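Participant: So that you can map any letter, position 385 of the sequence shown is 385 in the UniProt record's numbering, and since no number is skipped, the others follow by simple counting.
None of these hints come from the bench; they were simulated from the model.
There may be inaccurate statements among the hints.
[To be verified] Below, a list of computed lysine-lysine pairs in the DSS-like style, where the Cα atoms sit at most 30 Å apart:
#  : residue 1 : residue 2
1  : K241      : K267
2  : K281      : K295
3  : K381      : K319
4  : K318      : K284
5  : K413      : K369
6  : K295      : K366
7  : K369      : K448
8  : K94       : K115
9  : K295      : K466
10 : K281      : K480
11 : K241      : K281
12 : K267      : K466
13 : K318      : K241
14 : K94       : K366
15 : K366      : K319
16 : K94       : K183
17 : K200      : K466
18 : K448      : K284
19 : K412      : K448
20 : K115      : K408
21 : K360      : K318
22 : K318      : K115
23 : K267      : K284
24 : K366      : K183
25 : K408      : K448
[To be verified] Each pair of labels, with its calculated beta carbon distance range:
#  : residue 1 : residue 2 : range
26 : H180      : L380      : 49 to 59 Å
27 : D291      : V230      : 14 to 24 Å
28 : D132      : E404      : 24 to 34 Å
All of these numbers come straight from a predicted model, not from anything done at the bench.
Think of the CB as a built atom: it goes at the ideal place given N, C-alpha and C, for glycine as much as any other residue.
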Amino acid sequence: MGVSSFSIATPPNPIEEEDESQNSSLLSSNKTQSVNQSQNPKKTIFFISLIIITCISLSVAIAFGFLYYSSIKNVSPSKSVSPSMAETARPLVKLSQPVVLLISTDGFRFGYQFKTPTPNIHRLIHNGTEADLGLIPVFPTLTFPNHYSIATGLYPAYHGIINNHFTYPGTGETFYMGSHDSKWWLGEPIWETVMNHGLKAATYFWPGSEVKKGSWNCSADMCKHFNGSVAFEERVDTVLKYFDLTSNEIPSFMTLYFEDPDAQGHKVGPDDPQITAAVAKVDKMIGRLIDGLEKRGVFEDVTIILVGDHGMVGTCDKKIIYVDDLSPWIEIPPTSVQTYTPVLSMYPPPGISAADTVAKMMEGLKSGKVDNGMNMRVFLKEDLPARLHYAASERIPPIIGLLEEGFKVEQKKTKRKECGGSHGYDNSYFSMRSIFIGHGPQFGRGVKVPSFENVEIYNLITSVLKIQGAPNNGTESFLKSILLPSS
1 MGVSSFSIAT
11 PPNPIEEEDE
21 SQNSSLLSSN
31 KTQSVNQSQN
41 PKKTIFFISL
51 IIITCISLSV
61 AIAFGFLYYS
71 SIKNVSPSKS
81 VSPSMAETAR
91 PLVKLSQPVV
101 LLISTDGFRF
111 GYQFKTPTPN
121 IHRLIHNGTE
131 ADLGLIPVFP
141 TLTFPNHYSI
151 ATGLYPAYHG
161 IINNHFTYPG
171 TGETFYMGSH
181 DSKWWLGEPI
191 WETVMNHGLK
201 AATYFWPGSE
211 VKKGSWNCSA
221 DMCKHFNGSV
231 AFEERVDTVL
241 KYFDLTSNEI
251 PSFMTLYFED
261 PDAQGHKVGP
271 DDPQITAAVA
281 KVDKMIGRLI
291 DGLEKRGVFE
301 DVTIILVGDH
311 GMVGTCDKKI
321 IYVDDLSPWI
331 EIPPTSVQTY
341 TPVLSMYPPP
351 GISAADTVAK
361 MMEGLKSGKV
371 DNGMNMRVFL
381 KEDLPARLHY
391 AASERIPPII
401 GLLEEGFKVE
411 QKKTKRKECG
421 GSHGYDNSYF
431 SMRSIFIGHG
441 PQFGRGVKVP
451 SFENVEIYNL
461 ITSVLKIQGA
471 PNNGTESFLK
481 SILLPSS
């Protein structure tokens, strides 16, 4: 910001000098009585000049003070700056090679970190790099599609996990969250990439990590099968024990997973005290992890990437669209519907084309005669907004319904009454965003970067580990915007 030039008014012409005899008489007088300006023009000029000089000095001082404090503000750690302009990557002190610890706190909606004091999460934020307005999930904003997108850098249409559960067309085989057959899981997850480069990887719960695929065999000592009854403390302590191994035995890549606060969010929505308690618990676990790394002298060496997979929004029974209410326009049997909420995915009823099904459904939804009908739009999958990247897979049913956030779809009316929380909606909704915090040698301290999609994380990890990743949907330019250059 420039400083505006000061405008100084020209003083009025001085009063004509009086004759020397009068001035001499006045100067030689011993009287102390005051003399007016017309009798003493030199004093008048002197005082006017003094006032002007004083004003100029004060103005200049204020201007320089403003510039000084502005410059301090501009280099504040909380300011969004390019890390490449701020500093270079810091060298490892104790570890012999880079180590990445990827942590997921399921359903951690962006903003939860302010619900209650979270000193440990904020320690990572203040000394690391944060996505300023949160991490953008892929569509659909569900747990398994997003965790596997983080792991592969691929959109769901390309890595194959298009929903938490779905049926493969033609064969009728069903995928569910316990499916570990590699035929479902496409792409190359980061733990497989790490193994392909002769490095070690260890996973403590992560969707897809239990699948034996390529060089990854999910050995018992390095791969934990999900078990929700395992205490969070035990999970953290198990990961910390890897750092007690000799330097060349420490895994180069590790994962750690907490199912909170998603579990509470589904029950009570995002604004209940249970969420506050769950967030505090997660922060406590981050503190436990930091303490353990510090005791081992490796905290500053380890690259910690803390993320969530999606956000959460409140839902209630008043926000429901019933498929049966469309019967005056088209009969849709339950057998045509693969998933109802929060993404309606379906096949056309027998004897009706997909295009005609969409047209008839939209006619009914727009009629004003279907409760909440204006809160759902139905598309042929190829007509979905391109930003969703949700068409290029035969696993995706041909008809997709997008709901306004907080709305649900059910087949028919019931007497069931409940309010809670959900996710899976359009990833453009702010409520679906989660967190991204990076802390370690290659992340700037106190830096904030613009929000980005989670498919960028795969390349981020391979870059930190200095290995070549598999083809993916991330962008090379992203890395320059978030990682510090090598010294």
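Participant: Name the hints, by number, that the structure is in violation of.
Facilitator: 1, 4, 6, 7, 8, 10, 12, 13, 14, 16, 19, 24, 25 and 26
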